[in-house]
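With the sequences and hints as input, model every part of the structure.
Protein chains: 2
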Amino acid sequence: MVVKIGLLGFGTVASGVPFLLAENAEKIEKAAQDSIEVAKVLVKDDAEKERLLAAGHDYNFVTNIDEILADEDIAIVVELMGRIEPAKTFITRALEAGKHIVTANKDLLAVHGSELRALAEEKGLALYYEAAVAGGIPILRTLVNSLAADKVTRILGVLNGTSNFMLTKMVDEGWTYEKALQTAQELGYAESDPTNDVEGIDAAYKAVILSQFAFGMTVDFDHVAHKGISNITPEDVAVAQELGYVIKLVGDIQETTTGISAEVSPTFLPKNHPLASVNGVMNAVFVESIGIGQSMYYGPGAGQKPTATSVTADIIRIVRRLKDKTIGKAFNEYSRPLQLAAPSDVKSEYYFSIVAPDKNGKMLRLAEIFNSEEISFKQILQQAANGETARLVIVTHEMSKTQLENVTAKLAQESDFTVLNTFKVLGE
Amino acid sequence: MVVKIGLLGFGTVASGVPFLLAENAEKIEKAAQDSIEVAKVLVKDDAEKERLLAAGHDYNFVTNIDEILADEDIAIVVELMGRIEPAKTFITRALEAGKHIVTANKDLLAVHGSELRALAEEKGLALYYEAAVAGGIPILRTLVNSLAADKVTRILGVLNGTSNFMLTKMVDEGWTYEKALQTAQELGYAESDPTNDVEGIDAAYKAVILSQFAFGMTVDFDHVAHKGISNITPEDVAVAQELGYVIKLVGDIQETTTGISAEVSPTFLPKNHPLASVNGVMNAVFVESIGIGQSMYYGPGAGQKPTATSVTADIIRIVRRLKDKTIGKAFNEYSRPLQLAAPSDVKSEYYFSIVAPDKNGKMLRLAEIFNSEEISFKQILQQAANGETARLVIVTHEMSKTQLENVTAKLAQESDFTVLNTFKVLGE
Chain A
1 MVVKIGLLGF GTVASGVPFL LAENAEKIEK AAQDSIEVAK VLVKDDAEKE
51 RLLAAGHDYN FVTNIDEILA DEDIAIVVEL MGRIEPAKTF ITRALEAGKH
101 IVTANKDLLA VHGSELRALA EEKGLALYYE AAVAGGIPIL RTLVNSLAAD
151 KVTRILGVLN GTSNFMLTKM VDEGWTYEKA LQTAQELGYA ESDPTNDVEG
201 IDAAYKAVIL SQFAFGMTVD FDHVAHKGIS NITPEDVAVA QELGYVIKLV
251 GDIQETTTGI SAEVSPTFLP KNHPLASVNG VMNAVFVESI GIGQSMYYGP
301 GAGQKPTATS VTADIIRIVR RLKDKTIGKA FNEYSRPLQL AAPSDVKSEY
351 YFSIVAPDKN GKMLRLAEIF NSEEISFKQI LQQAANGETA RLVIVTHEMS
401 KTQLENVTAK LAQESDFTVL NTFKVLGE
Chain B
1 MVVKIGLLGF GTVASGVPFL LAENAEKIEK AAQDSIEVAK VLVKDDAEKE
51 RLLAAGHDYN FVTNIDEILA DEDIAIVVEL MGRIEPAKTF ITRALEAGKH
101 IVTANKDLLA VHGSELRALA EEKGLALYYE AAVAGGIPIL RTLVNSLAAD
151 KVTRILGVLN GTSNFMLTKM VDEGWTYEKA LQTAQELGYA ESDPTNDVEG
201 IDAAYKAVIL SQFAFGMTVD FDHVAHKGIS NITPEDVAVA QELGYVIKLV
251 GDIQETTTGI SAEVSPTFLP KNHPLASVNG VMNAVFVESI GIGQSMYYGP
301 GAGQKPTATS VTADIIRIVR RLKDKTIGKA FNEYSRPLQL AAPSDVKSEY
351 YFSIVAPDKN GKMLRLAEIF NSEEISFKQI LQQAANGETA RLVIVTHEMS
401 KTQLENVTAK LAQESDFTVL NTFKVLGE
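From first to last, the protein sequence lines stand for chains A and B.
Heads up: the first sequence begins at 1 in UniProt numbering, then just goes up one per residue.
Heads up: the second sequence begins at 1 in UniProt numbering, then just goes up one per residue.
Hint data in this document are derived by calculation from the structure and do not stem from the laboratory.
One should not assume that every hint holds.
[To be verified] Dumping the calculated BS3-like pairs for lysine-lysine here, alpha-carbon to alpha-carbon at most 30 angstroms: (1) A:K30 - B:K329; (2) A:K179 - B:K179; (3) B:K271 - A:K123; (4) B:K30 - A:K325; (5) B:K30 - A:K329; (6) A:K227 - A:K410.
Here it is as structure tokens:
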């Protein structure tokens, strides 16, 4: 039998799907036990259709979604347009028309996932999205299948290739943020508006999805505090190196006794931590669990072929389940009621970079402020003063989010101190 | 419904299975959709049974395999005794009695896997063994499911925790092989007879299994050339560091135009290669493929809970498939006729450590020998001579196994040269 699919969009990733289907036809057909055919491809308008045909792409391009939805031969709709709309409308209509869905759309799933999953479940249809988190890394299905017997306690992830490329250049080559961004844009890694990548929004979308698979809890995007890399200075990078750390933008989801906490923030990682050597545009997900202990899944977070590989694995799985008559199982069946951790329960070491007047007693005053919140110092570094001001770097012992908030408020009230940056520090 | 399992053996790993079943009962039952119960546990004799009962282990211990095989309520037999016999006989008999099998027995699967898989297939029974390769790392199921659309071209693996612990100490602390071995034995990482670990035999067993999952080809254990770490000297370690490499014992399986080649050997890895920072008892499998490109799966290669996590994931999968009525599919369905690569087709850079008389013309003679086999030098290092002999270190450009064999034979004929060591070098 031939299972027919409809592709929505024919951008970089989408064109990788027919490439893999052709290149690995024999292996894929053995795994799927049926052959897979791209029956129709939805493109924006006639101009795009003409352009693609002229470029030698030999597909049945259509410009109206109805031509795919009304085609009873098409069993699977593969959405690779990205962004919320019209993807959301098209997927909703495709589910209503009885089509199984494969998508790589993390924005959509992070924000409207519950709704779409509920519809798919109601209709007994598959909704798979391995490629939505960390592109080529098969982390979602691994959490479902291989960690089924395990209990995840924490996930730390380098989840955004663009910001990781920029930070790698800032660390290895001493580049400024501005130079790193400009280069990332020139290389096509960053868009002209880089906000989603550099402010941790893209990584926060992925953290929402990872929370569901690893902890069975559906956090909202708004529950994921996110902080980006745009205010990291060469001084921060240099101090991190001096103290034995590497700065990475890390998605951190952990379960405490009161619930789960998810955030994305620049984090000092000890140099010997497996995530510390994840460089360039690569991604990695580091999992702490009571069974396996520590494991890490490393690979490209984006790109045509890696993403298409994850998408095609989802397609194969659907075709196989159609054959086995086990279709309709949710991609992730692990689900518990959402409980968010109390801020007093979420603990970490922290780095503070503070500018103070170069005069007697400033260290004493700073110590008094931290001490009043019962925060103790692990490392202190005073950098060469310029006669007027000095830069103080403090790494604290473990403290809670509540303590962090309180001490930050107190420091803001002191006219002598200006907090330049506060970053999380992962203990050894 | 309750699915009952029979455990064969109650060593470290086996006792981790009931721990996980209890600790994660709720999540496991959701994933399996039935509850799982350890009905009987086979132990060696009455003395062991009494000892375990006295230690507070509250199981139905039996000393005769027939009590498990004849028990119609037991659906799954979990073999965790290790070694070939009596494991092979017990698994064979269990399959004949209609039981599904989960095992972590790499020795058995590498040597007698084909036979056992054929029997399981004939009987329509499951034979799963995720834990047999790299303990807690879910590499086998990931290759089956997530790389279904991909074509693997090379696998490089740090597959033996004991030897990796030893090499890490030799590299980081400058320990000798002897000191590293003694410490590994004291810590319980190495057995009193460490042959399987340090000579690459254990890693070669795992390479046999990985070849089936990644390349669909069943190589025999005898096809996997293996070389261990016992002849690595502190001088080799120091030179590696000087040249920017780390020495690891690496399982290397690759597909060339003529077929596949699998071997286990000490390998110089560039310091920035993801495998280079896999330290201590940790394992990792680095996969090169046409779709994903480069990905790596990192975690503990052994240990009670990691291994039990993989075993329990296999059990859950069987229970779920019993429920879904899709039981009996082979763990790995990817299969192609075996084709072994021609030695002239398997290429790498190589490191040679050679002792030569400290006299004129030795470098010329050496260059002549390598040149006669069309092997060119990438790096040459002459170490301080002691007046009588000098140590020459050569890193070659890429050359084939055939060239390696020829040049090694020629060097052996030269009375002036003694080749101390030859190791593979992974190019950047």
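**Request:** For the pair we were handed, K227 of chain A and K410 of chain A, check the Cα-Cα distance against 30 angstroms.
**Result:** holds (21 angstroms)
**Request:** For the pair we were handed, K30 of chain A and K329 of chain B, check the Cα-Cα distance against 30 angstroms.
**Result:** Given pair K30 of chain A, K329 of chain B holds - Cα atoms ~12 angstroms apart, limit 30 angstroms.
**Asked** Does K329 of chain A lie within 30 angstroms of K30 of chain B when you go C-alpha to C-alpha?
**Response** This hinted pair holds, its Cα atoms lying about 12 angstroms apart.
**Request:** Please work out if K179 of chain A and K179 of chain B have their alpha carbons no farther apart than 30 angstroms.
**Result:** violated (49 angstroms)
**Prompt:** Straight-line Cα separation of K30 of chain B and K325 of chain A no greater than 30 angstroms?
**Reply:** Holds, at roughly 20 angstroms.
**Prompt:** Given the hinted pair K271 of chain B and K123 of chain A, is their alpha-carbon gap at most 30 angstroms?
**Reply:** Violated, because 52 angstroms separates the two Cα atoms, which is more than 30 angstroms.
Violated hints, in rising order: 2 and 3; the structure is consistent with all others.
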